[in-house]
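Residue-level listing of the chains:
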Amino acid sequence: MLAVTLKSLWAHKLRLGLTALAVVLGVGFISGTFVYTDTIGKAFDGIFEDAFQGVDIVVSADSELQFGEGIYLPESEILQLRDVEGVDDLIPFLQGLGIVILDKAGEPIGGQGPPQFAFSFMETDLETGGFNLREGAYPEGPGEVVIDAQTVADNNFVIGDSVSVVAPTGPARPYTLVGIAGFGDLDNLGGATSALFDLRTVQVLLEREGQLTGASIQVSPGAGVDDVITRLEPVLPDGARAISGQTAAEEQAVAIQEGLAFFNTFLLSFGAIALFVGTFTIANTFRIIVTQRTKELALLRALGASARQVNQMVLIEAFVIGVLASIAGIAVGFGLALLLKIGLEAFGIALPTAPATLQPRTIVVALVVGVGVTLISAFLPARRASRVPPIAALREDLVAPPRKALTTRAIVGSAVTAFGLAVLFFGLFVSLEVGPPAILYVGTGAGIVFIGVSLLSPLIARPVARLIGWPFARLYNLPGKLAQENAIRAPRRTSATAAALMIGVTLITLASVMAASIRGTIDDIIGSGIEADVIIRANNDFDPTASFTPELAVRAAEDPSVHEVSRQQTGVALFNETESFVIGIESNYPDFFPVDDSMGSLTPGPGEVVIDQAIADSNQLPVGSELQLLFEATGSQSFTVVGTASGDTWTDVIAISQAEWINNYGIESDTQVFVRASPGFSPEEVETRLTVLAEDVPTAQVQTFEELSSDVERQINQLLNLITGLLALAVIIALIGVTNTMTLSVFERTREIGLLRAVGLSRRQTRRMIRSEASIIAVFGAVLGVVIGLFFAWAILQALSDEGFSAFVVPVGTLALWIVVTGLLGIVFAIFPAWRASRLDILEAIAYE
Amino acid sequence: MTSIAARAVDATKTYGSGDTAVTAIDHVSVEFQKERYTAIMGPSGSGKSTLMHCMAGLDYLTSGQVFVGGQDLGVLTDRELTELRRDQVGFIFQAFNLIPTLTALENITLPIDLAGRDADGVWLDSVVKSLGLGDRLDHRPAELSGGQQQRVAAARALASRPEMVFADEPSGNLDSTASAELLELLRQAVRKFGQTIVMVTHDPIAASYSDRVVFLEDGRIVDEMTDPTPDRVLDRIKALEG
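Residue numbers (the numbering used here), protein chains in the order written: chain P, 1 to 849; chain H, 1 to 242.
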């Protein structure tokens, strides 16, 4: 039996290749993700090993509470550790975020994702693999800076240049570039910009005089690292700890791995979607192949093969395809990993490189997933094959085993769809309250709905395909009409092929509607929710806590065009064990942000907090109750809830007074300043005037709310494009399914096409006929996808309405465009089968058997 | 009655090359007169189907020429051949003669629709009527009997008033009643409508409906007969075989 299977496989190489392609791409994406993240992970491991080489002990803040910028330690107490027995050398260090280097045009460098660091940097006897001076001198004194090699190269800085640097608390200041640094062998830290100064200068910049992030210690010759740590522990300042350099390297590596794990999961989920679509494509291909081989299978049965053997034959075929495709997929994965790397580098994100890493785990996952998906896909077709009766070999009319009636299909399909919807809605509306990850339920539910709808879709395939085919029949006359009829003739095949496309289009629709609705919600807030004309905000779209000097608000308030300003600070604190944004507000804040409804006072005083009504409800925190916030710098603090507010702009708000905020974060810098114009000044005039005032603070930008809105739109579109790009893989796999189906259909209809050619269908008309049919199938899939996607989006937005999503916006133009594009792609992916159909040998096609 | 609808001049068709080459038709010259019903007869492998395929523009000759309506088919491109088949030639095959997704009427007008022309309503009516298909036009092939399907195929072949109709064992899959009906209708098409039909068959009864029978053996024309009867044809075949 095995020999028969293998021979049959080899005899149908084309069929084999087409089936395998879907698996190859899906497995390729998954193994590519693994190869890429493993490679980066390994490279980072190497960097941190090097970075802590020569450092015996690291003193730093206890990192368990670290979630924001870090905790600072008192410099005097750290320096006293030099007196501890066994400490040979101690180098204090300080690092911070939000230190922005300006390019030659005075514009901020970076801020589009990777952080902007400042580090203290000094010459030591310690041989560390961290930052090292490549050229020039170490920075000394308040006027000197060293910058990472990548930033230097990107901006054509040369040693001796005057380079401006901006801290959150002050305006831009010029520094002389005295040196260029690398981090180990790397030119920068994963795309971040790094400005290095002497310790005093960093302290001034960060407003952390007398404070440190930690210190590196080298022990005296002969002293044991663990012994010294034991001696250090009793004399460490509060909140500090001492660990060995090796432990520090390991911790850093683990932190990086965790960061990569998120990235990995994000990419893998798109790979999983692609493979799910692949399952549909492969199952459909197998089903068609089994139908076409009915005679052959029946002959085997007539010659004595058992139903079981026929079943196994199909499954063995699937297994072989699965193994071959998975191996090819791993190879493709290597290529994709390389492309991913090149792509990210094009965005200026230089991640460390190591030789491409192929872990055994990657191979195992690729094989298990690839073979598993193929076998699952072949399961039902194999069962169908085993039911081919031997008599089918002898009788002309009995070409396929009888199908289940469509009513059975309707019942099963409806049940599956209903079950999927139940899981989906549980995830959306119930699990949110209970706690387990809703996304798991939503994803599973959506997957089940896809299966249910694909079972149901043959029921509507006839009328819908007729409707979609109508323009083709009009445009191409007879070839169009033939395509329309062909798409209708095999509703199961048409639906199964379309169902694979449906999935990708559903997800793209979902993403588009969500993006449009988020835009709509934000427009609602900006348009009606905020009683301000102009906003001054940090020039960083990625870090909500990015801030600028409070000096700007003072200047703005003095300008005659400005009637009133309201400052806001934003920081991170732990509330209910989750990281939350805590804002500091002024007493006029409620005038700028009108409420729908409120209780108590909206102007928090010392020890008081105002929160979103929804937060108060879900955490049982009525006015008068106590609320705990855990700050990095000051630890756990108790606040009295003095007021609650509801309204679009108050969603998720936890607001304390400005004085309290500054106390708990130890820094005074604004994240937003809201500005109301004086009578007689338009928002544009105010913007122009304030932009001039903010010229020396390039880390801040002045915008009208109209500009803010278009900025937000641009950001959302970027994210949407990224997600759409990743979902394109699923669409491509589904389109390969279209190629598959059409190729097999052409094969099946050889005689019919031959007859048409004989009576005068030209080659061109033949190609048109096949391409039109493919296009009808593709549009059918796209229409299904758009409908289901709209429904999913509506359901999700319903579930999120508590979170402030007020708008349900359908981007009609975008969705219509997607349907048209899918139809055109259907034509493109049918070029090959159409070409084959037009090249059929007419005589062979119409020859009698 | 003497003008020529199609002719072959020194037509040769060889399959394969070298030692394995098979000559299907071997220097055949033959003329098919207009408004006549000609049968080509011969045993299996005599080259009768190959001759018909080459005459109909479905296959190319190795050497020699074929003309349909005065046009040399050898100089035509694939597109021109397609147009010739569509406009000047009608086909009736043994089996699988209709497109299953189209109705009887749509099948009949298929070549006309492919050309993007309007059907000649009066002509179409008379063809459909004479073939007894009037009440079957909205049916799909699956809803028609074998005889009805072949009559639809015949109607399609006649619908565009082609120069020539080629029929390849048109009654091969039919029972004797349906077969007789179809063959009589084809003869009427020649008599009443002045069509030209060339039919390949190995059935002496089918051949007896024609005006003239051409006998083929080993790729060569070996004999001819006008106004045949089944018995005469059978005798001739026996003589040829003996």
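Just so you know, these hints were derived from the structure itself, not from any lab.
Keep in mind the model is a prediction, meaning the values are calculated, not measured.
All C-beta atoms, glycine included, are put in the ideal place defined by N, C-alpha and C.
Don't take each hint at face value.
[Stated by the list, open to error] Quick list of the computed label-pair ranges, beta carbon to beta carbon:
1. H:H27 to P:L824: 51 to 59 Å
2. H:P230 to P:D841: 53 to 61 Å
3. P:G304 to H:D120: 24 to 32 Å
4. P:L380 to H:P230: 54 to 62 Å
[What the hints assert, rightly or not] Here's a subset of chain P near chain H, in silico, CB distances under 7 Å, partners left out:
5. L720
6. I723
7. L726
8. A728
9. E748
10. T750
11. R751
12. V759
13. G760
14. R839
15. L843
[Unchecked claim] To give an idea of the interface, some chain H residues facing chain P are shown, with a C-beta separation under 7 Å as derived from the structure:
16. H53
17. L58
18. T82
19. H139
20. P141
Checked hints:
no. : hint                         : result
1   : H:H27 to P:L824: 51 to 59 Å  : holds (53 Å)
2   : H:P230 to P:D841: 53 to 61 Å : violated (36 Å)
3   : P:G304 to H:D120: 24 to 32 Å : violated (59 Å)
4   : P:L380 to H:P230: 54 to 62 Å : holds (55 Å)
5   : L720                         : violated (41 Å)
6   : I723                         : violated (40 Å)
7   : L726                         : violated (39 Å)
8   : A728                         : violated (34 Å)
9   : E748                         : violated (12 Å)
10  : T750                         : violated (10 Å)
11  : R751                         : holds (5 Å)
12  : V759                         : holds (5 Å)
13  : G760                         : holds (2 Å)
14  : R839                         : violated (10 Å)
15  : L843                         : holds (6 Å)
16  : H53                          : holds (6 Å)
17  : L58                          : holds (5 Å)
18  : T82                          : holds (4 Å)
19  : H139                         : violated (15 Å)
20  : P141                         : violated (11 Å)
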